[in-house]
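There are 4 protein chains.
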Amino acid sequence: MQIKFSNRHNVHKVAIIGASGYSGAELMRFLAGRNDIVITKAFASSSAGQQVDAVYPVFAGQVNLTFETYADRAADGADVAFVALPSGEAMNIVPGLLALVPRVIDLGGDFRLQSPDAYEQYYKHRHAATGLLGEAVYGLPELNKEAIAGARLIANPGCYPTGAILGLLPALKNDIVRPDSIVISALSGVSGAGRSNSLELSFSEVNENIRAYKVGNHQHIPEIQAVLEQVAGKPVPLTFVPHLIPITRGIYTTIYATLNAQLSPGELTYLYENSYVGAPFVRIKKQIPQIKDVVNTNYCDIYVTIEPRTQRVIIISVIDNLVKGAAGQAVQNMNIMLGLPEEQGLM
Amino acid sequence: MQIKFSNRHNVHKVAIIGASGYSGAELMRFLAGRNDIVITKAFASSSAGQQVDAVYPVFAGQVNLTFETYADRAADGADVAFVALPSGEAMNIVPGLLALVPRVIDLGGDFRLQSPDAYEQYYKHRHAATGLLGEAVYGLPELNKEAIAGARLIANPGCYPTGAILGLLPALKNDIVRPDSIVISALSGVSGAGRSNSLELSFSEVNENIRAYKVGNHQHIPEIQAVLEQVAGKPVPLTFVPHLIPITRGIYTTIYATLNAQLSPGELTYLYENSYVGAPFVRIKKQIPQIKDVVNTNYCDIYVTIEPRTQRVIIISVIDNLVKGAAGQAVQNMNIMLGLPEEQGLM
Amino acid sequence: MQIKFSNRHNVHKVAIIGASGYSGAELMRFLAGRNDIVITKAFASSSAGQQVDAVYPVFAGQVNLTFETYADRAADGADVAFVALPSGEAMNIVPGLLALVPRVIDLGGDFRLQSPDAYEQYYKHRHAATGLLGEAVYGLPELNKEAIAGARLIANPGCYPTGAILGLLPALKNDIVRPDSIVISALSGVSGAGRSNSLELSFSEVNENIRAYKVGNHQHIPEIQAVLEQVAGKPVPLTFVPHLIPITRGIYTTIYATLNAQLSPGELTYLYENSYVGAPFVRIKKQIPQIKDVVNTNYCDIYVTIEPRTQRVIIISVIDNLVKGAAGQAVQNMNIMLGLPEEQGLM
Amino acid sequence: MQIKFSNRHNVHKVAIIGASGYSGAELMRFLAGRNDIVITKAFASSSAGQQVDAVYPVFAGQVNLTFETYADRAADGADVAFVALPSGEAMNIVPGLLALVPRVIDLGGDFRLQSPDAYEQYYKHRHAATGLLGEAVYGLPELNKEAIAGARLIANPGCYPTGAILGLLPALKNDIVRPDSIVISALSGVSGAGRSNSLELSFSEVNENIRAYKVGNHQHIPEIQAVLEQVAGKPVPLTFVPHLIPITRGIYTTIYATLNAQLSPGELTYLYENSYVGAPFVRIKKQIPQIKDVVNTNYCDIYVTIEPRTQRVIIISVIDNLVKGAAGQAVQNMNIMLGLPEEQGLM
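Residue numbers (our numbering), protein chains in the order written: chain A, 1 to 347; chain B, 1 to 347; chain C, 1 to 347; chain D, 1 to 347.
It should be emphasised that the hints constitute simulated quantities derived from the structure, not laboratory data.
A quick note: this is a predicted structure, and the numbers were derived from the prediction, not measured.
Check each hint, because a few of them may be wrong.
Taking CB as the label site, the calculated pair distances span [to be verified]:
1) C:G194 to A:R126: 50 to 60 Å
2) C:D72 to B:L199: 48 to 58 Å
3) B:G49 to A:E146: 28 to 38 Å
4) D:N64 to B:Q230: 32 to 42 Å
Ideal Cβ positions, reconstructed from N, Cα and C, are used throughout, including at glycine.
Could you build the full structure based on these sequences and the hints that come with them?
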């Protein structure tokens, strides 16, 4: 027999700003079933006035909320606010939000880069809240768990950076690959582009098709590079090319780098396993992983091998872009900030 | 050795109005390779100024045209004009066009219904060229070849009506099913909705999904019904429900009706074969057809059987919605109007 | 704060026979996370000796079991045994199993038909355990909850029948449609055919394709018909045509029938809502449902309307074939048999 | 008016051995419509006795042939024989075939590697016709047109090698990239694995999924490497990783290499354009290409750029694996061997 005992003093109030996009919907999916969390507000200007289950019928009988227009002070009283807005919008809202809400988790790109210049170069508009860039903690728990626990503002990592960085962390921390040899070839599902009505994302254009995009200028390049350079303590002039694939969810990241050390494939796998002890959502695999292994979960599965012929390390990581690459990781960060078990509500 | 001998006096000039949509692109695909046809103009306001192969890279090296904005008299000199515009736009252009161009083929719905009231009810706006409704010939060659040959204005059939009517013509002509028993359950690929940036058609919404739509009020209902009632000589109160399926091209039509006569499955098949003698694009099949059998072709494959337990006739027809359901049929009509072999350029 | 208190006396032991197919994997997905259930055995001869998470990597860290070959008495000690074997195999195992295990739920077709002759006609082999046909309870909780609670042997409904019967139950119970007018046009995802290596199910054959199959002779026809005739108390000579659609999961069932009563669409919807009061997994919808609304859930969403022009009732039901159409419904049946809340572990 | 004049003396007789697979079907698609070619025999042991249009209904009314079992001397009288058999089978047939037929084009891997040891290492069985390895001409027309024209035996390139080699030829010929820096990340559709009933290729396993495979040991590695080393005149220790993507047709190849010269992106593009003057099926693109641009065509579209930040060259090539990657290229080779225009029947 299972007894659920909810102590009302410990139910945390959560607001979601930008709740009608795919990441917002995933946040609701992970939070709605919990008895230690209550979603008090779901803001979404484009869907304001509509019931959540009218926009997402899957939630019928599960989520009983109406989308509202966000306004100043509207999230007052929340213990945590998630911001799932397009880049360029969050930076206008977060400063005010931080005056009302003790913990803010931004799922967009506005607080991930420390450099306003890099931000402007890749995001194509000036940063409007540069004063917060120093304070924002990069919310990758496998790298920054302690800082996350004490943060007011989390910059939740991008989907591509999550897969790429988790794949490269142990290699760069342990200095076993040449930093100038790294090539990241990433394959993403369509939901990564958001809930969007672009012609380019229509089924007729995407199905039975593949295309690379933003070659050499994707906004996730400086994010990946900055984090890895901080880890490596030296420049990491990597190449990153994203490709759009006809799947809905998932990022498949294949990473190539030249080995910098004497190491067998078995030793490499062991090093990776060791690096992720205590990280409940990273699984080091003996077989080549596939998207299906992680869809709808918060796992990042990683496979590493060495090609003897070329002395190249080949690293493959897979995540669900909407979970470990967005909403799931945000919930993981929330758990850490609230002092809850990291995996609560995510298994 | 193959000698191609082109008599310049017999090269026909063709203009396409609305050339940048999927049907327009299909028209170019079928016409560009022919040496008895030259496309002189490709009008598409939304893409005006762009090379055709910039919008459709597949045409690089094959089609050397620039999209232009359509204006009065712009199609002057053409032997045939194809109009591939959204319903409601063609009716404003066609009257003027007919003063300049001897043959006009409208791929949209503006001239398919004889009744302006039915048009207004299903298309949600008043008809602006009712004077042409009586003259327009319904361009289904398997039904109206003679009238097509002499027509000035062709109403090219809708994609769903093409599959449904070809499936039912022999049964209703020969009075072997009860007209009040007909149920048409149709499954369409996404390109049927046009080259559109609707959120509802985005890959993330369509893949791994199915949904019926416009139940009871799809604008193809009166078109199917009017043609079949003309054939049957009595009311045909049919039910038609379209479904959106995650494929790009193709319409799969399953038709159910109660048998009205003593007939074996073999006799039924024979009757269908006989009905389509001389129709090069209708193939009566002994096996259940599939979309793959007709994709990229102008064929309509039809299978008929009788369920002894219920005495129902089950008819399945498959077409490529962009070919036999749109551009291919339009080219077939053009061939007939120009006195060319019906299948020229379509095999 | 959430306290989970497991009373060891109330942890139920479960064995799965045929655990490596898609239904078996779904059973593990729904059961592995529960603290009132423990899977003691996972039998799968084709994968015997392999770890579950080697065959299904998604279970890494979640399911720690090894597939075993099934043998006599191997499931001894289980409180419930699920049998997820191909039709024709279960009937050889179940009689012996019932001597050892107090509750058996067969997910295949072997115990769904009362008539051995109908079984032989549609399944193409003789029935080997006809003595159990009278005892087996048809495991559709929305129809038979009480009988399920006391049953030893459950015949878990087929995927198509679940969608079709739930869509028609209220209409036939209330005698509002003509029983001889029913047409069921059903669209299924590929996983309905099981974890199979058939060429016909390969991606290259299925994607961008649709085909009807087993027209007039699908083995689910007598199952649907028998249940509905029992409900209606008269013959229901229905037509059912299944179609294979390029999706992995889901069944979309569109049902057509002639109205037999004076009823408005609103009254019809109200009648359906009333019929399913107390059925936590049936949701009557005001909008046309889609597969995405129910994927990975145990819900059956139903939409009903009346076409005034034809006086036909159009009913649409959607389920996930692997959940409400198989494993989820089996767990729902298990919950009822064990006296647990019907929705335990399924929300 | 178009006059087709066929000189019967110049109709070439063609036999296809292994005609029922996807490559065989593509050969029939390209050859059946020509009036300078007649397919005299279609051999396919697995389908022997069946009409071609029973196996491929799309050919109904177009191909009137029956699959036959291949036997010694069965192809006697053909001007060209295509062999589309699994690797390991062709080498047993080709020696005998060459005694009867003046031109043999093998679409499989048996004659692509000069080294029997490399063959055995990657194909996992001994080579049985090593005497022909020296004579076989690697059938990449953009590299070997002259040798192809005079050859008796063509080893038609593999699908991955076609995309990879065409992408790298100009760079290696002109020594502008470091040969030890090349990484080839290739994405293939499912038809590349042939018409196969493997569970791994079933729709339920492939859709909404991605996986790399044969990392470091794919049999196309030595083929790509050998050709490129011959071109470069030095070792090219490249890395090649193939990925299976849920599309039916197409290979998307993204190539990364470190620039070895002072060159602007514009100069690089110009060098590529120059390298392929006279190659009618290679199109150098200014935009990032996509699979859709080449599906069903014999084109290879190539895009090249330089990433200034890393001084890496990024090359993208796209082909249809069944056309330029198999049957189309085989027809191109046949045209060259027969002295016909290279593009005959392929545009």
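Cross-check of the supplied hints:
no.	hint	in the structure
1	C:G194 to A:R126: 50 to 60 Å	holds (57 Å)
2	C:D72 to B:L199: 48 to 58 Å	holds (57 Å)
3	B:G49 to A:E146: 28 to 38 Å	violated (57 Å)
4	D:N64 to B:Q230: 32 to 42 Å	holds (37 Å)
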